[in-house]
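Student: Each chain, written out:
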Amino acid sequence: MKKTGAKIFVETLLEHGVNTMFGYPGGVLLPIYDELYHAPIRHILSRHEQGAIHAADGYARATGKVGVCMATSGPGATNLVTGLATAFMDSVPVVAFTGQVSTHLLGIDSFQEADIYGISIPVTKYNYLVKETSRLKEVMYEAFHLAISGRPGPVLIDLPKDVQTIQIDDPPVPALTLPQRRPHLDPVERDRQLEKILSLIRDAKRPVIYAGGGVIKSDKAHEALLRLAEKAQMPVTTTLMGKGGFPETHSLSLGMLGMHGTRYANYAVAKCDLLIAVGARFDDRVTGEPSTFAKEAKIVHLDIDPAEVGKIIQVDACLIGQARDLLQELADRVEPQAHEEWISQIAQWKRDFPLSYPKKEGVISPQYVVEQIYEKTRGEAIITTEVGQNQMWAAQYFKSTRPRTFITSGGLGTMGYGFPAAIGAKIGCPDRIVFDIAGDGSFQMNIQELATAVYNKVNVKIAILNNGFLGMVRQWQELFYGRRYSQTTLNGNPDFIKIAEGYGALGIRVEKPEDVPSAIERAIAEDHPVVIDFHVDPEENVYPMVPPGGAIHNMLDRKE
Amino acid sequence: MRHIISVLVRNHPGVLSHVVGLFTRRSYNIESLAAGVTENPDVTRITIVVTGDDLVLDQVMKQVNKLVDVLNVTDLKYDQAITRELAIITVKTTLQTRGSVIEIANVFGAKVVDMSEDTITLELSGTERVLQNLMRLLNPFGISEMARTGMIALAMKSSE
Ligand SMILES: Cc1ncc(C[n+]2csc(CCOP(=O)(O)OP(=O)(O)O)c2C)c(N)n1
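The listed protein sequences derive, respectively, from chains X and R.
The first sequence lines up with residues 1 to 560 when you count with the working numbering.
The second sequence lines up with residues 1 to 160 when you count with the working numbering.
Hints are computed from structural coordinates only; laboratory data are not their basis.
If you want the footprint, here are the derived chain X segments under chain R, 3+ residues with CB under 8 Å:
#1 113-123
#2 174-185
#3 296-307
No residue lacks a Cβ here, since even glycine has one placed at the ideal position from N, Cα and C.
Full structure from sequences and hints, please.
Tutor: What follows is the structure, given as structure tokens:
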């Protein structure tokens with residue numbers, strides 16, 4: 001029996017267990033959308049393609065499954081670029097489909113033609129322009145495999161209209177023919193590295209584990225990490241992407257390190273004699289000036305991507321593989337340790353330098369809002385964030401205890417990410433409370449997705465930490481540019497309550513600290529999207545802070 | 001330090017963009033790049049000359065190796081590789097200088113492939129050094145046009 005490309009497309013999605021996708025149609029996608037009309041796939045219509053891809057990304061991060069999105073040719077495709085780059089930087093498995101003009105119209109500046117294949121090369125793990133329907137199924141199988149295997153990442157498939165309409169014989173299930181890689185370390189060298197790491201752990205007096213997003217992505221890696229940390233009594237600090245990889249309520253937890261990390265995490269890294277990096281990439285927001293980072297320590301790097309080893313910092317030993325497997329192996333092999341002196345030194349730092357913020361009479365502290373969201377959800381919520389101060393306060397004050405519950409654009413720092421990502425996360429995990437901790441600037445970058453949330457009954461809560469500023473940029477202007485607030489005052493902000501109501505969501509305005517807890521309770525009780533507009537202290541800053549390019553143990557704090 | 005990196009890739013229309021894009025994106029310095037099919041029509045060999053210290057080379061190799069289309073990456077050592085470049089050079093001549101240019105060409109084994117009243121066009125393949133030496137000698141006459149291929153290279157089997 002002959003089948004159109006569009007039919008093969010839908011069938012192949014179903015073969016990959018896709019039951020949800022996010023997208024926005026257009027002329028060249030009509031054959032596929034016609035096929036989706038009666039397909040058993042829930043297609044969520046976003047209000048901007050960027051909303052669709054961030055939602056697919058949030059869905060992927062919350063569930064561990066591949067997120068799927070689709071956009072039409074030309075402007076639809078280019079609207080995906082920020083979302084692709086966001087997913088690429090944070091290694092998120094997304095498969096993005098774009099419609100394209102028919103093959104005979106390619107390359108002649110046809111209506112709504114954009115070279116999304118060329119445009120997306122630097123922001124995807126891999127990409128395809130499918131020119132023959134006979135290749136479609138095979139390409140889709142490869143794409144789903146590539147997106148989720150090894151170090152995950154976004155894959156884009158560009159689909160000309162005629163490829164969707166041409167009929168071909170039903171293609172068989174393809175065998176993958178992707179080039180195979182030799183393992184990075186040969187068995188002898190691998191053994192040598194493993195023994196070296198075990199002896200480094202044995203000899204260490206002041207070890208620290210530095211865990212990144214790889215621990216979240218590798219299923220069950222967090223369990224092995226906990227076992228390793230407890231058995232060898234090694235304190236654990238996580239990156240922004242690693243939040244949830246180790247319970248921040250645990251006595252061995254140092255919280256987050258880096259530019260806005262805790263003092264005790266940064267001190268521990270500065271003073272440790274062994275640093276074990278796992279699934280982390282020594283990002284500049286973590287290391288500050290790399291030559292000053294963990295200077296007293298031997299460095300061990302465990303990662304799935306050999307190219308990350310030695311990229312920023314030279315290491316003393318490394319292993320390549322899934323974080324789960326490597327951590328399990330170490331947890332099995334390592335000898336129990338105590339490190340009492342080191343642990344008590346850290347406890348002292350924790351007592352001396354806790355995270356703290358000023359409590360001003362009658363003024364809502366943004367940190368207090370985050371703390372209350374933590375309290376009222378008993379730490380069980382999935383948190384997404386926008387970018388800026390809101391993101392850092394969320395990271396500091398919401399204690400994450402489980403993987404896939406703290407979802408944020410770490411690598412690219414994409415404003416407008418958090419809200420659509422929350423929609424995707426809630427659709428993927430309908431039983432969880434999902435909060436987007438937002439800034440008034442960021443929220444307005446994808447505010448149109450309120451329609452998506454309301455129409456599809458996606459019960460997400462948006463907590464705007466409304467300071468009337470592009471807060472994080474203003475903070476830098478305050479600290480490093482003589483308080484010249486150039487273009488960071490958000491004059492002309494809308495009435496967020498009316499906006500929410502206009503879309504059919506509930507809006508709650510909160511102007512007094514004593515109203516914060518009840519507003520959060522009420523939002524949780526509603527089974528409907530809710531926007532809570534918290535009018536917070538407008539010039540509050542995120543502290544501690546490592547000035548850019550500095551050493552991470554030299555941190556600024558507020559002047560009391 | 002200069003390195004010759006030999007990359008075998010699956011042969012398809014987008015593959016060069018992927019490889020070249022990686023170099024620009026990660027700001028590695030490419031000195032030359034030459035691509036052509038191998039004994040296997042499905043496989044292209046890309047020969048890339050890059051400059052950088054050992055750490056840069058290590059990163060380049062690892063990043064290139066990550067590209068989905070890449071089948072193999074090798075760092076060819078200069079002294080253990082056969083390297084060639086091809087150049088076509090048009091030199092300005094007069095009746096008086098024509099003989100000298102042909103003499104130089106002969107010494108280098110360059111072929112005269114075209115001649116007009118006031119030019120001679122030569123073709124030479126050789127190592128980069130030989131090409132440079134030839135050019136140095138031709139420069140005083142005035143080189144009016146030149147095209148070079150970029151380096152191609154294979155490992156020397158006899159020194160393995
Ligand atoms: C798309 C995008 N544009 C610009 C920036 C630069 N930027 C980083 S933080 C920030 C301010 C964010 O303001 P807001 O969303 O109000 O959050 P706040 O810092 O006040 O919590 C800006 C403009 C960015 N990260 N992303």
